Amino acid sequence: MSYGPRPWIQLHWDTRAALNFILGGTGSGFILLAAFVPLAPPASRAALLLGLALVGGGLFSVWMEIGRKLRAIHVFFNPFTSWMTRESFVAVLLFSCGAAALAFDSQRLAAITAVVALGFVYCQGRILRASKGIPAWREPTITWLVFWTAVAEGAGLFLIFAAFTGAGTPASAGGTLVLAVVARAVAWSVYRRRVEADLVPKARAVLEPAGKQLYQLGAIVPLALVLAGGAIEAFTTAASVLAGIAALTTGWRFKFVLVVRASFNQGFALPRTPVRGGK
Amino acid sequence: MTRWVMIADLRRCVGCQTCTAACKHTNATPPEVQWRRVLDMEVGEYPEVKRVFVPVGCMHCADPPCMHVCPSTATRQRKDGIVTIDYDLCIGCAYCAVACPYQARYKTDKPSFAYGATPMENEAAAHDPKRLGVATKCTFCSDRVDAGLAKGLKPGLDPEATPACVNSCIAGALHFGDKEDPESNVSKLLAENEHFRMHEELGTDPGFYYLWDKAVKEGYKGGGGGQ
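For the record, the sequence lines run as chains A and B. Mapping of the first sequence onto our numbering: residues 1 to 279, in sequence order. Mapping of the second sequence onto our numbering: residues 280 to 506, in sequence order.
Chain B with its partners taken away, still in its complex shape (with noise of 0.2 Å):
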């Protein structure tokens, strides 16, 4: 079995927002909607002040309320984890985003372009219709991940298989593979640092890590955010 699975470290992360512009060039997305996001947050009081930047999205959870609420069965999870949203089916209920405590879903109800209502050449080009009126989010740029592997590359290492976002980050604080294999880089990454994921209390199993410290150990597995 594969589950793809993210991971920020946000001791690399520098709040450039490059994968934010990487997202919304592979993707198209209207100005207002951002399936990759960093945000800017401060930690602690001061003396002790932190800014860590923080890149969200969706999850990919492996137990998606997304999915569950979804009236329409549009929003599916694939064998791989990847959770999708099938345009042709979705009604467009926001049900999902309500549902969704990442804050990752969008809906669009009348096209909408950088400088008004006129399209760029490349907004045009992109441009598609079957997004207006329905729910949309971050796919993990399932597209190239499936082209990728059908030309025998391995997601997560090959950038022709790899996301958008985590082949621009300039500083490698994202990356992506197969957490189900534990040679992965991702597995080993996760092995090697301590790490949490957003909202876990409520019981989503996202699919996206943050890594924040070295292991406490040497073989230290991780897990929780825990030390």
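Excised from the complex, chain A in its bound form (with noise of 0.2 Å):
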């Protein structure tokens, strides 16, 4: 056994990164929901224009992070390599879509948002991935952790906003709703099993309630509320909110632990000690 200064957690990237990830992935799965479950005219209008402002609140935050402000443009230099330059170029044609879709209210171009929109989180994922530094985000099915957590996070608030627009509960969302979280318990399994061994104590402490809280509260308590309202129509429209609800936040703690709390190093190893004096 050898251990020199053990594991400690990342400080670079705190809650403004964090809300990055947190609202531009329920922004992201907010759009692809904005654009495909049909919804009154003001109301799609304001849906579309809320993911688009989710993801822009996202990315204001992690631009209060950034040491240089003023060179943010500098950000776009190396689409070679960078995923976070390659988040920011989608983000681009996310918002130059998005707004050429509200101009012209055009179902065609919210769906080619949505997509891009898509595209934004699987960026946001590899952004995690490509760092070495960090064990419990370069294991390679973070991508698809964190692209069904937005889905799910996305489709969640989408149950609540149509609700409180009146629109009730379009099935299509309560669909996607199912699939995401299903979809995203498997993710973190799959995750989980893999990145197990390589994780700190400390980082397994913090990861492990906030992954089991996307089975239970994340996904049986939404399934369950789902199937209720569907078996209760009084109930429906409640049920749909409050499993929207529970999707949504399980989903934002889970990713606010991911980059935070769990964000530990590996430390130093020492595969061999020092054989001293002669032999």
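No wet-lab data here; the hints were simulated from the structure. Just so you know, these numbers come straight off a predicted model, no measurement behind them. Fair warning: there could be bad hints in the mix.
[To be verified] Straight-line C-alpha distance at most 20 Å; calculated EDC-like pairs for lysine to aspartate or glutamate: (1) B:Lys389 with B:Asp407; (2) A:Lys69 with B:Asp437; (3) B:Lys409 with A:Glu65; (4) B:Lys458 with B:Asp342; (5) B:Lys430 with B:Asp359; (6) B:Lys389 with A:Asp14; (7) B:Lys458 with B:Asp492; (8) B:Lys358 with B:Asp422; (9) A:Lys69 with B:Glu400; (10) A:Lys69 with B:Asp460; (11) B:Lys389 with B:Asp425; (12) B:Lys458 with B:Asp437; (13) B:Lys467 with B:Asp437; (14) B:Lys493 with B:Asp365; (15) A:Lys69 with B:Asp388; (16) B:Lys433 with B:Asp492; (17) B:Lys329 with B:Asp492; (18) B:Lys458 with B:Asp425; (19) B:Lys389 with A:Glu139; (20) B:Lys358 with B:Asp492.
Grab the two chains, each in its own frame, and use the hints to assemble them into the complex.
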């Protein structure tokens, strides 16, 4: 056994960076639903706008964290290898398509915006995966965990939005939520199995409860609520709102923990010890 | 081709931290920043316990994750393997810092000095506002290497062309040289000794080697910490 300074938590990316993953993910997932689930005209436009605002809020938050804010334009300089650059380009495309969809009130452009939004989330997953210094992030399956978490959050928020804008509970949104929370739970299960050995006990201790919530409050509860809402008509809207809140908050908590609390480095290893003295 | 690498002989390092002090003196890094530091590691179980001093810092990897993730192209790699940061390009996103498996990168947002807000004379003279809000790390004293080469000196052998930490090492534990030159000091050391590199399994191909024993047999070429 050998140990020096034990792994410690990285302090470079804090809540501001986590908010980019939280708001960016939720916004992107929400845009997906806003583009494909039919809503009445004012609400459909408002939904797309809200999705874009969430993504923008996340990017603003991470901009607040960088050391040289006025040089932010330099983020576009390395599309060849940097997923942060690629995320930025996709963000520009996302806002362009979104603005065009809003301006021309075009369903086709909204659909393109949704596809780009999924690309944005994929970039976010790859950003974490490329962080070789953090064992909890560099596991390749993190990409799909981040992806499905975003879709689940977006679907959750969409159900809440639909309820409060009088659209009730669109069946396709409920179906997307069911698919996403199940996929997210599966993605967590695969990720957890693969990353477990690489994590220090402290990282496991914080990640495990947040991950368990993706199963329980984040999957089982929403599924039960959707079923209950389907069976009892008077309860449908309330159930969908509660299911949405459960899917949304568990995703937010998980990503906050992943970025801020479980981001221990791997410390230093000494595979061999010096052989001192003559042989 | 040249590839500058550093070697730390773990059998010789006594943990005096002179290299750390020399680096700070040469590069005027702020109090909480140590581009070259020496870990004090305890190894083994009682009663077979050893204390090992391990110099660490930027490993100047051949395949540096910090460079790949850098969105601004501020982090680059010279042809001689030295990984550099352009302080005028860096946006201080710290992506490189979380991508580095060796915790070699620092970001200081505000000026800080050894005795509070007022810098000492030498600190004031060396203070570089360009290094605020951006990533910084060990440069392998590339300015010394370049200036030395321009004078026809040999880095690793001539102190004027050699990184400050290597020059300062009281135990002769730190070495610097061209790994691609089979006759260089570092090539000979690697051939004559068993060695490993930190976190080799991550595939970054670090340019920092640790010697831990004599080579098993004559002519042993070393590699990967295997025996």
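Status of the hints after comparison with the structure:
1. B:Lys389 with B:Asp407: Holds, at roughly 11 Å.
2. A:Lys69 with B:Asp437: With a Cα-Cα distance of about 42 Å, the restraint between Lys69 (chain A) and Asp437 (chain B) is violated, given a limit of 20 Å.
3. B:Lys409 with A:Glu65: At roughly 18 Å apart (the allowed maximum being 20 Å), Glu65 (chain A) and Lys409 (chain B) satisfy the hint.
4. B:Lys458 with B:Asp342: holds, 16 Å
5. B:Lys430 with B:Asp359: Answer holds: Lys430 (chain B) to Asp359 (chain B) is near 18 Å, not above 20 Å.
6. B:Lys389 with A:Asp14: Between Lys389 (chain B) and Asp14 (chain A) the Cα gap is close to 17 Å, so the pair holds against 20 Å.
7. B:Lys458 with B:Asp492: holds, 19 Å
8. B:Lys358 with B:Asp422: holds, 15 Å
9. A:Lys69 with B:Glu400: Outside the cut-off at roughly 30 Å; violated.
10. A:Lys69 with B:Asp460: violated, 43 Å
11. B:Lys389 with B:Asp425: Violated: Lys389 (chain B) and Asp425 (chain B) sit about 30 Å apart, past 20 Å.
12. B:Lys458 with B:Asp437: holds, 16 Å
13. B:Lys467 with B:Asp437: holds, 17 Å
14. B:Lys493 with B:Asp365: Roughly 39 Å between the alpha carbons, so the hint for Lys493 (chain B) and Asp365 (chain B) is violated.
15. A:Lys69 with B:Asp388: holds, 12 Å
16. B:Lys433 with B:Asp492: Answer violated: Lys433 (chain B) to Asp492 (chain B) is near 27 Å, above 20 Å.
17. B:Lys329 with B:Asp492: It holds: about 15 Å lies between the C-alpha atoms, which stays within 20 Å.
18. B:Lys458 with B:Asp425: holds, 17 Å
19. B:Lys389 with A:Glu139: Measuring from Cα to Cα gives roughly 34 Å; hence the hint is violated.
20. B:Lys358 with B:Asp492: The given pair, whose Cα atoms are some 31 Å apart, is violated under the 20 Å limit.
In summary, the structure is inconsistent with hints 2, 9, 10, 11, 14, 16, 19 and 20 from the numbered list given earlier, while agreeing with the others.
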